[in-house]
Amino acid sequence: MSTRSRLPWPDAAPVLPVEPLRGVLEAFSSLALRHPEDVTLLPPLVDEDGNADEFADPPPALEQIVEEFGGIEVRGRVRLNLLTDDRTDLGPYTLLGDPTTFYPLIEGDDVAVILTIDEDGAPGAVYGIGEDLSLTLAARSLGHFLERYLHALTETLEGLDAEAERASAGAGDSGEAGNGAGAGNTAASDRSAAPDGAPTRAESAVELMKAHMLSSILGLLPEEERAAVPFESVADSGFEADDLPEGTVAVADLRDVDGDASVHVMDADLPGDPLECRIAFSHGGLVVSIVDEEAGEE
1 MSTRSRLPWP
11 DAAPVLPVEP
21 LRGVLEAFSS
31 LALRHPEDVT
41 LLPPLVDEDG
51 NADEFADPPP
61 ALEQIVEEFG
71 GIEVRGRVRL
81 NLLTDDRTDL
91 GPYTLLGDPT
101 TFYPLIEGDD
111 VAVILTIDED
121 GAPGAVYGIG
131 EDLSLTLAAR
141 SLGHFLERYL
151 HALTETLEGL
161 DAEAERASAG
171 AGDSGEAGNG
181 AGAGNTAASD
191 RSAAPDGAPT
201 RAESAVELMK
211 AHMLSSILGL
221 LPEEERAAVP
231 FESVADSGFE
241 ADDLPEGTVA
251 VADLRDVDGD
261 ASVHVMDADL
271 PGDPLECRIA
281 FSHGGLVVSI
291 VDEEAGEE
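Quick note: the sequence shown uses the UniProt record's numbering, first residue 1, plus one each step.
Worth flagging that the hints you see were computed from the coordinates, not collected in a lab.
Estimated spans, in silico, between C-beta atoms of each pair:
| id | residue 1 | residue 2 | range |
| --- | --- | --- | --- |
| 1 | Glu131 | Thr100 | 21 to 27 Å |
| 2 | Asp267 | Gly23 | 35 to 41 Å |
| 3 | Val46 | Glu207 | 32 to 38 Å |
| 4 | Ala235 | Ala32 | 48 to 54 Å |
| 5 | Glu37 | Asp256 | 39 to 45 Å |
| 6 | Asp256 | Pro199 | 36 to 42 Å |
| 7 | Glu232 | Leu275 | 17 to 23 Å |
Straight-line distance between alpha carbons at most 25 Å, and here's what the computed SDA-like set of lysine to any residue pairs gives:
| id | residue 1 | residue 2 |
| --- | --- | --- |
| 8 | Lys210 | Leu150 |
| 9 | Lys210 | Glu163 |
| 10 | Lys210 | Leu21 |
| 11 | Lys210 | Gly91 |
| 12 | Lys210 | His35 |
| 13 | Lys210 | Ala32 |
| 14 | Lys210 | His151 |
| 15 | Lys210 | Gly159 |
| 16 | Lys210 | Val257 |
| 17 | Lys210 | Pro104 |
| 18 | Lys210 | Glu158 |
| 19 | Lys210 | Leu90 |
On a predicted model such as this, the values are computed, not experimentally measured, just so you know.
For each residue, glycine too, the CB sits at the ideal point set by N, CA and C.
Just need the whole structure built from these sequences, with the hints factored in.
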């Protein structure tokens, strides 16, 4: 089910300062100004008139950031949204625990990118969730994820412009002089006049964002190209039980791994059905536990 009711977010953690992210946020704004038909900035929590988005319910620790930056959208297809206003426990969120332990950043039909939130309300690591419910470490912090997203978006826009230039040159070479003068603008706006079978600019934007980031963090790469971190029993993990969420039956430690490493919950060696368990995060979101909620209540 989904809900718009406000969550009881923990608020003991300090608010993340926006200043360290100023350069990234300004770069997003610059891209939106230079590519207005490709990139749209989403409204922040508080608009220019001082009115707040009454439906948004971000974690308190993100207050400074979301007051200035609500997110960014690429061609209406790929949306990084820091002001999610509708939460659900279905689809990619099926195995996740309490909704106050994570916050969606990117949402698709069967995939998502989430920011982990600890028991004090502190944001931690960022994960992509694939269609197979695997989790892939996308970044160790929100700041690092925004930097990575900015890089992917910049590469995507450069790729779109390169495609537009090739399309324009091709039109000129074919002798369509009458259309050639406006070919670059047409390609920049939609590429609706592209040859049959050629992708539109929006479709190209999606594919380029996948190539530069999304495929690797949403489990879309071939299995042999995905680095996996196995789940271990608590006894074999090196952790004390008190250092893990209550009811933990298996652990994957990603504290020392490189980015884009995945954990496959559905393949974990568990005494029961993985769908009967829940995922919990600890140690800055970098330790992933499979929790048997019934065992935790005993």
